[in-house]
Amino acid sequence: MQGIVKLLLATGPPPSSSKSGPPTFKLVPVFAFAMIDEDKFGNGIGWDANGILLSLLGKYSFDERRRQMGIGIDDVFLFSSNVTKFVPRFMADGMGLGKRPEDFIGGSTKMPEFTMIGASEKAMVARGGSGGIAIWTRLEKDIRPAAYRKKDSM
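Going letter by letter, the sequence shown gives residues 10 to 163 in my numbering.
Hint data in this document are derived by calculation from the structure and do not stem from the laboratory.
Nothing here was measured: the structure is a model prediction, and the numbers come from that model.
Please note: incorrect hints may appear among the correct ones.
Stated by the list, open to error - Below, simulated DSS-like cross-link-like pairs (lysine-lysine); rule was C-alpha separation at most 25 Å, straight line:
#1 K68 - K35
#2 K15 - K131
#3 K68 - K131
#4 K150 - K15
#5 K15 - K49
Said to hold, decoys possible - Label pairs and their in silico Cβ distance ranges:
#6 A132 - N59: 32 to 38 Å
#7 V92 - P31: 38 to 44 Å
#8 L87 - T124: 25 to 31 Å
#9 Q11 - D83: 16 to 22 Å
#10 S129 - K94: 36 to 42 Å
#11 R147 - D102: 16 to 22 Å
Here a beta-carbon is modelled for each residue, glycine too, at the ideal position from N, C-alpha and C.
Let the hints inform the model, and build the full structure from the sequences given.
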């Protein structure tokens, strides 16, 4: 699925063994989006499609057989301005900024990833790396200018 989607509902990680019952879907209180095109994945948060506070952008890999998408983070944007060079080293290391899939092999951390459960022209359902489930709906508006300053910066 390529395009731009808005996060509608999410469960968070599954309950621990001390809790019982299935996870509960909750409305997401912020505007959260994801963008997928031929070679880039972006996501971020803001107050609406015109006011994006924080967005991340990078290359991704997709294992079609397992339906898993590994996400690389190459750039960080605040209010659509690229601030990657100002990200403190401890934060860059913690989020895997600039790392490629092969950089995670044999390490103590793994590449951020999610598993596609289902997708259509209108919606997408995915399970995150921590086990939570998210339901996304397609946005018609191209929010890349609000998230990444220029459409051509992609």
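Hints breached by this structure = Violated hints (numbers, rising): 1, 6, 11; every other hint is consistent with the structure.
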